[in-house]
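Start from the sequences, fold in the hints, and give me the full structure.
Protein sequences, first through last, are from chains G and F. Residue numbers for the first sequence follow the UniProt record's numbering, so the first one is 1 and each next one is one higher. Residue numbers for the second sequence follow the UniProt record's numbering, so the first one is 1 and each next one is one higher.
Keep in mind that the hints were calculated from the coordinates and are not lab data. Remember, it's a predicted structure, so these values are computed and weren't measured experimentally. Using N, Cα and C, we set each Cβ at its ideal position, and we do this for glycine too. Check each hint, because a few of them may be wrong.
[Claimed, not checked] With the Cβ distance kept under 8 Å, some of the chain F side facing chain G (calculated, not the full set):
| id | residue |
| --- | --- |
| 1 | Gly21 |
| 2 | Ile28 |
| 3 | Phe76 |
| 4 | Pro204 |
[What the hints assert, rightly or not] Lysine-lysine pairs mimicking DSS-like chemistry, simulated, CA-CA at most 25 Å apart:
| id | chain 1 | residue 1 | chain 2 | residue 2 |
| --- | --- | --- | --- | --- |
| 5 | F | Lys49 | G | Lys217 |
| 6 | F | Lys210 | G | Lys102 |
| 7 | G | Lys217 | F | Lys102 |
| 8 | F | Lys217 | G | Lys39 |
| 9 | G | Lys102 | F | Lys217 |
| 10 | F | Lys39 | G | Lys217 |
| 11 | F | Lys39 | G | Lys39 |
| 12 | F | Lys102 | G | Lys210 |
| 13 | G | Lys102 | G | Lys49 |
[Stated by the list, open to error] Anything over 10 Å on all C-beta distances counts as not near chain G; from chain F, calculated:
| id | residue |
| --- | --- |
| 14 | Leu46 |
| 15 | Ser88 |
| 16 | Pro106 |
| 17 | Phe107 |
| 18 | Ala113 |
| 19 | Glu114 |
| 20 | Pro142 |
There are 2 protein chains.
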Amino acid sequence: MSGASEAAALERELLDEYRFGRQQLVEICGHASAVAVTKAFPLPSLSRKQRTVLVVCGPEQNGAVGLACARHLRVFEYQPSIFCPAHSADALHRDLTTQCEKMDIPFLSFLPAEVRLIDDAYGLVVDAVLGPGVRLAEAGGPCARALATLKRLSIPLFPRWDAETGGDTKDAVQPDVLVSLAAPKSCASHFSGRHHFVAGRFVPDDVRRKFGLHLPKYTGTDCVASL
Amino acid sequence: MSGASEAAALERELLDEYRFGRQQLVEICGHASAVAVTKAFPLPSLSRKQRTVLVVCGPEQNGAVGLACARHLRVFEYQPSIFCPAHSADALHRDLTTQCEKMDIPFLSFLPAEVRLIDDAYGLVVDAVLGPGVRLAEAGGPCARALATLKRLSIPLFPRWDAETGGDTKDAVQPDVLVSLAAPKSCASHFSGRHHFVAGRFVPDDVRRKFGLHLPKYTGTDCVASL
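Structure below.
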């Protein structure tokens, strides 16, 4: 099974068999992604400027997780801004957008093509554009353009868990920090960035066994662990 | 405004204005409640027997939070068991029940009337029977009977945030640990237990100001703070 189809089967298991809700999973994963940011870039170690985080959210579920991540980053006293390259028809996406808007998280109306402007304005970027099953070539025009810009940035790039797109093609965005739900073997060999986190502490033991997930030991109430 | 109607107005604001979902709020609050348990009763300080937690879940939203709390307690390596005194027709309640069942968290078919049996079998009890707006007198027979039993226990009692019922009447259950979302003034004066935690870090700043919530300073990524 490829990494992407394995991720899809894992999600189906959680939704259909365990009756997790999409809203619930997105909230758990957005929270875990934000916690991973705090571990890779602890607030006390950052200058005011470095606390500014650009979260780029695609129209699918990955983007919804990005929106939840941005909200938690705000709660953790980072300074997120959001850019959504494409409109989403998803009600969950819309509700999470409203939460962010009403918490005064700025939304950019466009992404500067001049990457120096982004490098100068933000401390890091969270790439929540594509889900694990979506290849760059299949992405719509605005998402592909946004990813092409992200590729050229010098500031740290922080993806959610699109582990499978991490090193599959020359075109893929190369992250500095990786967050995996399932620690897929296919990505670990490609990843050469600084931090690799595993979220997915909430994944029930039986599901871990079924999918052969070798998840690390988590400490205390931590929802992510460093590999 | 009474504590209960204030809590209801706060929830309406979050649901209607901020477009939080019920599933999302229940997940956030269940997680925060479980984290509060870990702070009041840290796992390394407990014997194996003390790690057993009886979570008593009512049929309304408070019970749904209890179910989410039980699931997180299991993830945090406590040993929760669940008792639901009354059937719930709520789909969210049912889904959260399935998550717990499939994670092999035991459900009791009845609550022993002999309190010594409960005192002997569990290290602590989480009371998620009634919501903040529900008075004991209005509760249905099975819930009232369960609460009458909980009142007579000697092991530590850990309610969610039914702060308003904390000391309003002689009949109310007197908790050892209190978890408030909104730190209502009405409860603080009555509470004489060991720990008082405030959850609600996720509550947006504007909502805190609107409702005059004086929430404490949270540390790092903590979702609860001790008062």
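Hint check results:
{"no.": "1", "hint": "Gly21", "verdict": "5 Å, holds"}
{"no.": "2", "hint": "Ile28", "verdict": "7 Å, holds"}
{"no.": "3", "hint": "Phe76", "verdict": "6 Å, holds"}
{"no.": "4", "hint": "Pro204", "verdict": "5 Å, holds"}
{"no.": "5", "hint": "Lys49(F) <-> Lys217(G)", "verdict": "23 Å, holds"}
{"no.": "6", "hint": "Lys210(F) <-> Lys102(G)", "verdict": "13 Å, holds"}
{"no.": "7", "hint": "Lys217(G) <-> Lys102(F)", "verdict": "22 Å, holds"}
{"no.": "8", "hint": "Lys217(F) <-> Lys39(G)", "verdict": "20 Å, holds"}
{"no.": "9", "hint": "Lys102(G) <-> Lys217(F)", "verdict": "22 Å, holds"}
{"no.": "10", "hint": "Lys39(F) <-> Lys217(G)", "verdict": "20 Å, holds"}
{"no.": "11", "hint": "Lys39(F) <-> Lys39(G)", "verdict": "21 Å, holds"}
{"no.": "12", "hint": "Lys102(F) <-> Lys210(G)", "verdict": "13 Å, holds"}
{"no.": "13", "hint": "Lys102(G) <-> Lys49(G)", "verdict": "23 Å, holds"}
{"no.": "14", "hint": "Leu46", "verdict": "14 Å, holds"}
{"no.": "15", "hint": "Ser88", "verdict": "14 Å, holds"}
{"no.": "16", "hint": "Pro106", "verdict": "15 Å, holds"}
{"no.": "17", "hint": "Phe107", "verdict": "15 Å, holds"}
{"no.": "18", "hint": "Ala113", "verdict": "32 Å, holds"}
{"no.": "19", "hint": "Glu114", "verdict": "33 Å, holds"}
{"no.": "20", "hint": "Pro142", "verdict": "24 Å, holds"}
This entry satisfies every hint, going by the numbered hints stated previously.
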